[in-house]
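Participant: Just so you know, the protein sequences line up as chains A and B, in that order. Oh and the first sequence: position 69 is 69 in my numbering, straight run, nothing missing. Oh and the second sequence: position 620 is 620 in my numbering, straight run, nothing missing.
Treat the hints with care, since some could be wrong.
Subject to a maximum C-alpha distance of 30 Å in a straight line, what follows is the list of computed DSBU-like cross-link-like pairs (lysine-lysine) [stated by the list, open to error]: (1) A:Lys171 x A:Lys206; (2) B:Lys658 x A:Lys171; (3) B:Lys63 x A:Lys28; (4) B:Lys532 x B:Lys492; (5) B:Lys331 x B:Lys383; (6) B:Lys492 x B:Lys438; (7) B:Lys92 x A:Lys28; (8) A:Lys74 x B:Lys563; (9) B:Lys658 x A:Lys78; (10) A:Lys78 x A:Lys171; (11) A:Lys24 x A:Lys206; (12) B:Lys438 x A:Lys74; (13) A:Lys28 x B:Lys516.
Sample of chain B residues lacking proximity to chain A, with all beta carbon distances greater than 10 Å (derived) [stated by the list, open to error]: (14) Ile281; (15) Ile316; (16) Gln699.
Just so you know, these hints were derived from the structure itself, not from any lab. Every residue, glycine too, gets a C-beta built ideally from N, C-alpha and C.
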Amino acid sequence: MQKLVIILVAFVMSSISAQSNYEKGMQKAFELWGSNDPAEASNMFERIANAEPDNWLPAYYAAQVNIVNSFGLKDEEKLTAQLKKAQDLINDATAISKNNPEILVLQALLYTAWVASDGATYGMTMSPKVEAIYAQAEQIAPENPRVVYCKAEWGIGGAKYFGQDTKPFCKDLERALDLFANFKPESPFHPNWGKERVEMLLESCKE
Amino acid sequence: MSYNLKALLLVSLIISSQIIAQSSIISGKVVDTKGVSVAGANVYLQGTYDGSTTDEIGNFSFKTSETGTQTLLVSYISYETFTMVGDIKFMKDLIVKLREDVNTLDAVVLSAGTFQAGDNSKVNVLKPLDVVTTASALGDFVGALQTLPGTTTVAEDGRLFVRGGEADETQIFIDGIRVFTPYTPTTNNSPTRGRYSPFLFDGITFSTGGYSAEYGQALSSVLLLNTIDEPDQDKTDIGIMSLGATLGNTQRWNNSSLSVNGSYINLAPYNEVFPSRNNWIKPFEVFSGEAVYRKKYDSGLLKLYTAYDNTNFELIQEDINQPEGIRFKLKNNNLYFNGSYQGALNETWNVFGGLSYTLGNNDLKITDMVINDNETGIHAKLKFKKRFSNRFKLNFGTEYLASHFEENFSDTNPNQEIYGYNNNIAAAFVEADIFLSKEIAFKIGLRTDYSELFQSFNVAPRLSLAYKTSKSSQLSLAYGNFFQNPSSDILKFNQDLRAQNTSHYILNYQYNAERKIFRAEAYYKDYKHLVKYDTEYAQFDSNYNSSGYGFAQGIDLFWRDSKSIKNVDYWVSYSLLDTKRDYRNYPLEAQPNFANTHNLSIVGKYWINEWRSQVGFSYAFASGRTYTNPNIEGFLNEKTKAYNSLSVNWAYLISPQKILYASVNNVLGFKNINGYQYANTANPGGIFERRALQPAADQFFFVGFFWTISEDKKSNQLDKL
Numbered sequence: 001m002q003k004l005v006i007i008l009v010a011f012v013m014s015s016i017s018a019q020s021n022y023e024k025g026m027q028k029a030f031e032l033w034g035s036n037d038p039a040e041a042s043n044m045f046e047r048i049a050n051a052e053p054d055n056w057l058p059a060y061y062a063a064q065v066n067i068v069n070s071f072g073l074k075d076e077e078k079l080t081a082q083l084k085k086a087q088d089l090i091n092d093a094t095a096i097s098k099n100n101p102e103i104l105v106l107q108a109l110l111y112t113a114w115v116a117s118d119g120a121t122y123g124m125t126m127s128p129k130v131e132a133i134y135a136q137a138e139q140i141a142p143e144n145p146r147v148v149y150c151k152a153e154w155g156i157g158g159a160k161y162f163g164q165d166t167k168p169f170c171k172d173l174e175r176a177l178d179l180f181a182n183f184k185p186e187s188p189f190h191p192n193w194g195k196e197r198v199e200m201l202l203e204s205c206k207e
Numbered sequence: 001m002s003y004n005l006k007a008l009l010l011v012s013l014i015i016s017s018q019i020i021a022q023s024s025i026i027s028g029k030v031v032d033t034k035g036v037s038v039a040g041a042n043v044y045l046q047g048t049y050d051g052s053t054t055d056e057i058g059n060f061s062f063k064t065s066e067t068g069t070q071t072l073l074v075s076y077i078s079y080e081t082f083t084m085v086g087d088i089k090f091m092k093d094l095i096v097k098l099r100e101d102v103n104t105l106d107a108v109v110l111s112a113g114t115f116q117a118g119d120n121s122k123v124n125v126l127k128p129l130d131v132v133t134t135a136s137a138l139g140d141f142v143g144a145l146q147t148l149p150g151t152t153t154v155a156e157d158g159r160l161f162v163r164g165g166e167a168d169e170t171q172i173f174i175d176g177i178r179v180f181t182p183y184t185p186t187t188n189n190s191p192t193r194g195r196y197s198p199f200l201f202d203g204i205t206f207s208t209g210g211y212s213a214e215y216g217q218a219l220s221s222v223l224l225l226n227t228i229d230e231p232d233q234d235k236t237d238i239g240i241m242s243l244g245a246t247l248g249n250t251q252r253w254n255n256s257s258l259s260v261n262g263s264y265i266n267l268a269p270y271n272e273v274f275p276s277r278n279n280w281i282k283p284f285e286v287f288s289g290e291a292v293y294r295k296k297y298d299s300g301l302l303k304l305y306t307a308y309d310n311t312n313f314e315l316i317q318e319d320i321n322q323p324e325g326i327r328f329k330l331k332n333n334n335l336y337f338n339g340s341y342q343g344a345l346n347e348t349w350n351v352f353g354g355l356s357y358t359l360g361n362n363d364l365k366i367t368d369m370v371i372n373d374n375e376t377g378i379h380a381k382l383k384f385k386k387r388f389s390n391r392f393k394l395n396f397g398t399e400y401l402a403s404h405f406e407e408n409f410s411d412t413n414p415n416q417e418i419y420g421y422n423n424n425i426a427a428a429f430v431e432a433d434i435f436l437s438k439e440i441a442f443k444i445g446l447r448t449d450y451s452e453l454f455q456s457f458n459v460a461p462r463l464s465l466a467y468k469t470s471k472s473s474q475l476s477l478a479y480g481n482f483f484q485n486p487s488s489d490i491l492k493f494n495q496d497l498r499a500q501n502t503s504h505y506i507l508n509y510q511y512n513a514e515r516k517i518f519r520a521e522a523y524y525k526d527y528k529h530l531v532k533y534d535t536e537y538a539q540f541d542s543n544y545n546s547s548g549y550g551f552a553q554g555i556d557l558f559w560r561d562s563k564s565i566k567n568v569d570y571w572v573s574y575s576l577l578d579t580k581r582d583y584r585n586y587p588l589e590a591q592p593n594f595a596n597t598h599n600l601s602i603v604g605k606y607w608i609n610e611w612r613s614q615v616g617f618s619y620a621f622a623s624g625r626t627y628t629n630p631n632i633e634g635f636l637n638e639k640t641k642a643y644n645s646l647s648v649n650w651a652y653l654i655s656p657q658k659i660l661y662a663s664v665n666n667v668l669g670f671k672n673i674n675g676y677q678y679a680n681t682a683n684p685g686g687i688f689e690r691r692a693l694q695p696a697a698d699q700f701f702f703v704g705f706f707w708t709i710s711e712d713k714k715s716n717q718l719d720k721l
């Protein structure tokens with residue numbers, strides 16, 4: 001009996017401490033990202049990914065840090081290295097969780113980053129890939145607010161380019177906002193970003 | 001709570017606090033191989049949460065509660081990940097030296113002799129789009145490559161003539177597998193096109209010399225085309241052109257996809273509007289179809305590619321010796337199949353296997369001569385790749401090339417002649433890629449070919465090395481020995497010959513920075529064992545031997561800049577070629593008529609955002625080509641005037657899925673002359689009269705409308721134009 005209790009306590013303790021390690025680590029990484037230290041945040045997420053080989057979230061965030069950070073980056077060499085790294089991380093996340101709409105959205109954003117960096121080189125080859133990924137993500141998760149809004153934002157970019165009306169996409173953005181209101185992430189660390197961006201985009205719809 | 005349980009909790013608390021108390025500090029400094037500190041590197045214990053990032057001077061320090069033997073990892077972009085296994089007690093004041101990852105973009109590239117067109121590689125001189133947005137290319141990949149240095153302008157032929165070599169010295173491969181009949185037949189005054197549409201390819205490597213040991217039976221050059229691995233979406237493409245129509249469809253399933261593409265070309269309506277110099281009886285007509293099937297496996301990719309086309313035309317060709325002209329009729333059928341599998345066997349071993357089958361058939365009627373020829377070709381290849389590390393990779397493999405040729409000849413004489421040959425070649429190759437550092441790399445290879453026809457072995461060594469001279473420049477050297485059996489127009493009459501041979505020596509300088517590329521390449525080629533014969537044309541009763549020889553030397557320059565001027569992309573190619581050979585029926589060593597001394601090509605593209613249009617031009621200049629004037633002493637003793645051509649094009653995006661495209665070749669209407677044909681006999685005044693060999697038409701107009709129907713309503717065919 002006593003032995004059993006010892007094992008039980010030891011087990012609970014270790015699981016509590018592992019849980020808190022993950023939580024602590026993730027929280028720390030988000031703090032770093034929030035305090036404008038993306039390099040450190042990316043490293044932290046990578047370390048967590050390394051320690052949690054069955055969890056796609058840390059690799060996902062490490063990739064996201066690198067992608068978000070690449071927009072507006074002028075140094076071509078640095079940009080290329082960063083986006084390639086992000087692709088590796090997305091590949092790692094995908095290996096853990098297949099057909100995941102959140103990872104698909106991130107992959108589409110990565111291609112968008114290539115297009116944004118050099119439209120002449122990557123526009124023609126990567127745009128259809130982005131389209132195809134959003135189509136796939138929408139099929140899997142039509143109610144995911146990020147799928148809906150990122151697809152709409154991509155559509156707005158294309159419509160602007162061709163001098164077409166961007167208003168039809170405002171409906172999608174409004175729908176995304178409703179979906180955000182009802183969206184419950186699976187855990188505190190599951191993706192839950194984008195609402196502010198939609199509100200910002202909707203502002204320009206009113207103009 | 002019982003006493004026992006309280007005690008237990010107490011004990012466990014003590015234990016856990018002891019663990020914390022036992023935490024130790026891991027510290028050190030991260031530097032590169034030159035001792036320069038590396039900031040921002042990720043340092044951590046494998047499988048734990050314990051780690052840190054190096055500061056500005058490369059220092060790191062972190063606490064860990066782990067004990068005993070652990071694995072310390074240090075990683076940073078563009079360096080190899082450092083691993084250290086050891087007891088934590090000793091992980092203090094470490095000096096970690098990171099080695100540069102030779103796989104990174106700024107590493108040296110083995111590039112002598114090679115031009116690449118692809119997506120994410122820095123050494124690309126062409127983008128996939130360029131094949132189809134270059135004004136003079138008319139959607140033909142061969143046409144686009146002719147704007148690169150190392151090629152000569154043989155306007156009436158259209159094939160690739162590389163560095164003083166004949167067109168058949170260049171071999172074309174699809175997915176690593178040989179294409180035996182890559183060009184569609186045409187009349188003798190119109191350029192041919194590559195048989196395969198650029199629609200299905202996304203990577204092109206064009207090597208003008210010094211290529212890998214994997215490729216043989218090519219004296220001058222190889223052109224490697226790769227089909228698209230994975231199409232993006234289901235779609236239907238419709239094209240309506242001034243010359244005909246195309247229709248394509250792509251379907252995607254979970255792990256597989258199928259693309260089919262058909263086209264019909266008929267020059268009859270065009271010739272009605274723009275009469276040509278040719279006297280057509282039946283204008284040029286082509287039916288063609290292609291299909292690619294791809295299937296993805298867990299660790300491999302299977303591709304099946306097949307193409308069929310049928311070409312026919314009939315006309316009366318001008319001839320100075322025959323006032324009524326020569327009636328020429330051609331029917332060509334060509335079937336090509338190519339299958340390949342490429343996959344990983346495990347982490348370090350890769351396998352590639354491929355097979356191609358070609359069946360080509362020509363029915364020719366020239367006045368009252370009837371010629372029917374059949375050519376079959378089979379190529380099988382098996383290749384392995386072993387990666388020992390990023391710094392040492394080994395490639396080896398074996399291949400078998402079998403070709404069979406048979407020709408039937410009949411004329412007014414009742415006897416029919418049948419002749420032909422089998423030309424089978426077995427080969428093996430091995431090649432190693434060695435990176436000594438990010439600055440120095442070697443490729444060393446050996447190839448051996450066994451020809452069944454000549455019952456002989458040939459051994460061909462290949463070597464190239466590259467040295468990075470600065471952040472954005474490098475120097476490369478390449479040497480190679482290349483063998484090729486004589487072509488079918490010789491072998492069909494005589495098989496008692498030997499393999500022709502060249503040696504290439506190449507020195508290359510490359511500067512590459514932010515969407516600007518400069519390349520300069522000097523080369524020397526030494527030809528041996530070329531075929532000679534003693535009659536005007538190669539025929540039955542000629543005497544053949546392998547004593548021909550020659551050389552080619554020159555300088556190729558290339559400059560591309562897509563950065564300096566906004567929305568403008570341009571490139572300039574210049575080639576200087578000095579070549580002479582004594583082969584075929586030559587009485588002495590002379591500059592062959594397909595070799596121009598100077599070749600210049602300028603291509604420019606301008607993207608006008610407000611008009612959603614791309615306008616482009618392409619200018620080609622080539623100095624005169626040699627011909628023999630029988631009215632004066634000598635052989636290949638005169639040169640034509642220089643060749644000039646300016647082409648313009650315009651692509652307009654009507655809507656995301658509809659494109660209007662127009663182009664004009666030789667917009668200024670230069671009257672180019674490719675050579676002269678002299679009369680066989682002198683006129684009463686003792687002079688041999690001549691006829692200028694001119695293109696079928698000086699100018700060429702093209703208008704097309706392209707419409708893509710896909711679910712997303714966004715993709716279009718701009719990437720094909």
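Participant: Taking the hints in turn, state whether each one holds.
Facilitator: Hints, verified against the model:
no.	hint	verdict
1	A:Lys171 x A:Lys206	12 Å, holds
2	B:Lys658 x A:Lys171	26 Å, holds
3	B:Lys63 x A:Lys28	15 Å, holds
4	B:Lys532 x B:Lys492	15 Å, holds
5	B:Lys331 x B:Lys383	37 Å, violated
6	B:Lys492 x B:Lys438	50 Å, violated
7	B:Lys92 x A:Lys28	25 Å, holds
8	A:Lys74 x B:Lys563	13 Å, holds
9	B:Lys658 x A:Lys78	37 Å, violated
10	A:Lys78 x A:Lys171	37 Å, violated
11	A:Lys24 x A:Lys206	41 Å, violated
12	B:Lys438 x A:Lys74	24 Å, holds
13	A:Lys28 x B:Lys516	42 Å, violated
14	Ile281	42 Å, holds
15	Ile316	44 Å, holds
16	Gln699	29 Å, holds
The structure shown violates the earlier hints numbered 5, 6, 9, 10, 11, 13.
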